[in-house]
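Student: Once you have looked at the hints, place chain B on chain A.
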Amino acid sequence: MADAVALSVGCAHKNNPYATVCYHVKDTRPVNLDLTTVKFPLPAITSILHRISGVALFFGIGVVLYLLQLSLESEAGFERVTELLRATPVKLMVWLILAGLLYHLIAGIKHLLMDWGLGESREGALRGAQVTLILALVAAVLSWGMIW
Amino acid sequence: MVTNATSFSRSGLSDWIIQRFSAVILAAYTLFILAVLGATPELDYESWRAVFSQNSVRLFSIISLFALCGHTWVGMWTVGTDYLTGRQLGGKGTFIRLIYQSFCVLLIAVYLLWGIQIFWGS
Numbered sequence: 001m002a003d004a005v006a007l008s009v010g011c012a013h014k015n016n017p018y019a020t021v022c023y024h025v026k027d028t029r030p031v032n033l034d035l036t037t038v039k040f041p042l043p044a045i046t047s048i049l050h051r052i053s054g055v056a057l058f059f060g061i062g063v064v065l066y067l068l069q070l071s072l073e074s075e076a077g078f079e080r081v082t083e084l085l086r087a088t089p090v091k092l093m094v095w096l097i098l099a100g101l102l103y104h105l106i107a108g109i110k111h112l113l114m115d116w117g118l119g120e121s122r123e124g125a126l127r128g129a130q131v132t133l134i135l136a137l138v139a140a141v142l143s144w145g146m147i148w
Numbered sequence: 001m002v003t004n005a006t007s008f009s010r011s012g013l014s015d016w017i018i019q020r021f022s023a024v025i026l027a028a029y030t031l032f033i034l035a036v037l038g039a040t041p042e043l044d045y046e047s048w049r050a051v052f053s054q055n056s057v058r059l060f061s062i063i064s065l066f067a068l069c070g071h072t073w074v075g076m077w078t079v080g081t082d083y084l085t086g087r088q089l090g091g092k093g094t095f096i097r098l099i100y101q102s103f104c105v106l107l108i109a110v111y112l113l114w115g116i117q118i119f120w121g122s
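Chains as they are written, first to last, in my numbering: chain A, 1 to 148; chain B, 1 to 122.
The set of hints was computed from the structure by calculation and includes no laboratory data.
Since this is a predicted model, take the numbers as computed values, not measurements.
Some hints could be false.
If you want the footprint, here are the derived chain A segments under chain B, 3+ residues with CB under 8 Å [what the hints assert, rightly or not]:
#: 1; segment: 36 to 50
#: 2; segment: 104 to 110
#: 3; segment: 125 to 136
Listed next, with one range per pair, are the computed distances between beta-carbon atoms [unchecked claim]:
#: 4; chain 1: A; residue 1: Thr28; chain 2: B; residue 2: Asn4; range: 26 to 32 Å
#: 5; chain 1: B; residue 1: Ser47; chain 2: A; residue 2: Phe40; range: 44 to 50 Å
#: 6; chain 1: B; residue 1: Thr30; chain 2: A; residue 2: Arg29; range: 40 to 46 Å
No residue lacks a Cβ here, since even glycine has one placed at the ideal position from N, Cα and C.
The shape of chain A in the complex, shown without the other chains (with noise of 0.2 Å):
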């Protein structure tokens, strides 16, 4: 009775929501991947914070040139710069693109360790996303005091 086991193999259980890979005895592809269903472990969400800060990150540079340039140019354009810093709204996108790049380095060179063989057990992948996350916490609060 091989075709009987075969039916039930991976199919989705209505109380296992997140079982949403099916397959049939004809057709061995999976049927539906609905990522909203889907339950993303701690590595995948370093993973996609990574995507999303380099995006971002890519406008940052923007702001980033932009105060460079300001405050290189002359006195005045320095004043004008520690002035801006002192607006909260300000305080808060450069916060947030240095906290932002600070993540995005952090998540690197995990990124760049995993290349390197280290980590990428499945444990392995769980610890370094955890410590990808604190230390990324941990350069958000710092940066936080540097600029308040």
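Tutor: Chain B only, in chain A's frame:
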């Protein structure tokens, strides 16, 4: 070997190396700038300008700027080819992705020229 007309180097492996190599330069530059900011809590215009007018810092800044351009292009390209595809967006996927890629190239060109202007001029 599979090549792609819009990828930075027409090769996934080269893109991979460029991404890592530029990442190391950018990490070093980020830490350098943070160290400068951390070492002088009461930063004034003269000392700030003095940092960026050193030839070594100027070179480091411009090399990092080039690294930034390569890094952002490979990154934005990867994101675009993952999400802005026919699979996600239907028949117009390729067209939308090309518009997105053109926008990225233009913004990177602006950053590059603007950045050179800032670092060279200081």
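Student: All hints are to be evaluated individually against the structure, with a verdict given for each.
Tutor: Hint check results:
With 0 residues carrying a beta carbon less than 8 Å from a beta carbon of chain B, the segment 36 to 50 of chain A misses the three-residue requirement, and the given coverage is violated. Counting residues of the segment 104 to 110 of chain A whose C-beta lies closer than 8 Å to any C-beta of chain B gives 3; at least three are required, and the coverage claim holds. With a threshold of 8 Å between beta carbons, the proposed coverage of the segment 125 to 136 of chain A by chain B is violated, since 0 of its residues qualify and at least three are required. One distance hint, 26 to 32 Å for the beta-carbon pair Thr28(A) and Asn4(B), holds here, with the actual separation near 30 Å.
Between Ser47(B) and Phe40(A) the Cβ separation comes to about 46 Å, which falls inside the hinted range of 44 to 50 Å. A beta carbon spacing of about 44 Å between Thr30(B) and Arg29(A) agrees with the range 40 to 46 Å that was offered as a hint.
In this structure, the hints that do not hold are numbers 1, 3, in rising order.
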